[in-house]
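Student: Got chain A sorted already, so can you dock chain B onto it with the hints?
Number of protein chains: 2
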Amino acid sequence: MVLKLHNFFRSSTSTRLRAALNLKGLAYDYVPYVLRRGDTRKPEYLAMNPQGLVPVLEREGGSYLTQSLAIIEWLEETHPTPALLPTDPDGRARVRALAYMIACEIHPLNNLRVLGYLADRFGASEDGQKEWFTHWVATTFDALETMLACHPRTGAFCHGDVPGLADICLYAQVWNNQRFGIATSAWPTIQRIFARIDTIPAFSNAAPPRQPDAA
Amino acid sequence: MVLKLHNFFRSSTSTRLRAALNLKGLAYDYVPYVLRRGDTRKPEYLAMNPQGLVPVLEREGGSYLTQSLAIIEWLEETHPTPALLPTDPDGRARVRALAYMIACEIHPLNNLRVLGYLADRFGASEDGQKEWFTHWVATTFDALETMLACHPRTGAFCHGDVPGLADICLYAQVWNNQRFGIATSAWPTIQRIFARIDTIPAFSNAAPPRQPDAA
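Residue numbers (full-length UniProt numbering), protein chains in the order written: chain A, 1 to 215; chain B, 1 to 215.
FYI, nobody ran anything at the bench for these hints, they're computed from the structure.
Hints should not be assumed to be uniformly reliable.
When chains are identical, the list treats them as one kind, so a pair holds in a single copy or across two.
[To be verified] DMTMM-like, lysine to aspartate or glutamate: derived pairs with alpha carbons at most 25 Å apart:
#  : residue 1 : residue 2
1  : 24        : 90
2  : 24        : 127
3  : 4         : 90
4  : 24        : 58
5  : 130       : 120
6  : 42        : 58
7  : 4         : 77
8  : 24        : 142
9  : 42        : 145
10 : 130       : 88
11 : 4         : 88
12 : 4         : 60
13 : 24        : 60
14 : 24        : 88
15 : 24        : 77
16 : 42        : 142
17 : 130       : 77
The following block holds chain A by itself, in its conformation from the complex:
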């Protein structure tokens, strides 16, 4: 299977998908786009993904998958080993909930197009954007910290001692936070888990600075 990953080094949804592909041991061709230059608003990109968002996973024969979490679930179903979700429904619900806390409550509020709209329409300065970004990270990370610190199934990783979907989202978000210099020290369990994840090459090789298009 030849896979092409259409993505951007700093995009946190791209980081998620790179980590998932690496964990599954799947090689891919890296196709970079410059978001600020409008690369993903061009007709040829919109033909792959009408949303104009990264990442897109292109498969042999020119079929395209969009939305990072949908792609990761597809990877899990088509390449089950190593598993990114536990086997029991309760564990799967917990891991997905932790992942969606980040994917549905932080990332959508803090991506480039939202910060841009906030600046254009509501005159948000760089400081205002930082305050916005930090507010939504903290709101969810405070709850995430509680849910990780207090739960018996939290282990070396978000759920037990094997990295999975929640760790993928956590890892990408902590990297994304660096954009505005948000330290993770306020959330000790998140910090501990991030540090552990970062020792795994499948993750560290997915980190933004390691990508070919990193500035």
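Tutor: The following block gives chain B in isolation, referenced to the frame of chain A:
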């Protein structure tokens, strides 16, 4: 199984979960909360869900599930019939991607706490909030319309002729749009699918105005 649904009639994530429970034929006790009054910020609510968000699904014995899409995946795994996802991985990836377009790109930007923060921090008037809300709905609905209108697997519903996860998210979002009076007529395929979904009692009984706490 005795289920308790902690929710709010107008919350679109609550609407999703009500529809999923209804489709699965699962009865539940309805426990309403008034978000604007801060009901979900109280310690007893935060003990169930540290995020302070609705919905929460409480199971017998006092265990709690959070994040609507994680709960719906749990329902799908524990009560597989009728299925909310197709059986083939490509179909599942498509349905999840359509669902996440709404769940990750519209709803998180437009919920009550975000509009409130926009007003408090950036002085967004009611008109400004409406413009913000409409902008993010239109941005994603434009792409969703294209992806639905042009795809051979779109049927009476988002994917084929059986309602599923994408329809659940679409249905809840179209209801949510009414808050700011956004008409669906600009998106004919979405409009057609919504009208079809709305004929199904499992959905229409989940609609905000039909709930016991509706104003």
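Student: If a hint holds in the structure, say so; if it does not, say that too.
Tutor: Consistency of the hints with the structure:
1. 24 to 90: both (23 Å within a copy, 18 Å between copies)
2. 24 to 127: neither (39 Å within a copy, 47 Å between copies)
3. 4 to 90: Only across copies: residue 4 and residue 90 sit 17 Å apart there, 34 Å inside one copy, limit 25 Å.
4. 24 to 58: Answer is within; shortest intra-copy Cα gap is 16 Å, inter-copy 34 Å.
5. 130 to 120: both (15 Å within a copy, 16 Å between copies)
6. 42 to 58: within (17 Å within a copy, 46 Å between copies)
7. 4 to 77: Answer is within; shortest intra-copy Cα gap is 19 Å, inter-copy 31 Å.
8. 24 to 142: Neither: 30 Å inside a copy, 34 Å across copies.
9. 42 to 145: between (40 Å within a copy, 18 Å between copies)
10. 130 to 88: neither (39 Å within a copy, 42 Å between copies)
11. 4 to 88: Classified as between: cross-chain Cα gap 22 Å, same-chain 32 Å, threshold 25 Å.
12. 4 to 60: within (8 Å within a copy, 46 Å between copies)
13. 24 to 60: within (18 Å within a copy, 36 Å between copies)
14. 24 to 88: The answer is both: 20 Å in one copy and 20 Å across copies each meet 25 Å.
15. 24 to 77: Both, since 11 Å and 23 Å are each at most 25 Å.
16. 42 to 142: Between copies only: 16 Å across chains, 38 Å inside a chain, cut-off 25 Å.
17. 130 to 77: neither (38 Å within a copy, 40 Å between copies)
In this structure, the hints that do not hold are numbers 2, 8, 10, 17, in rising order.
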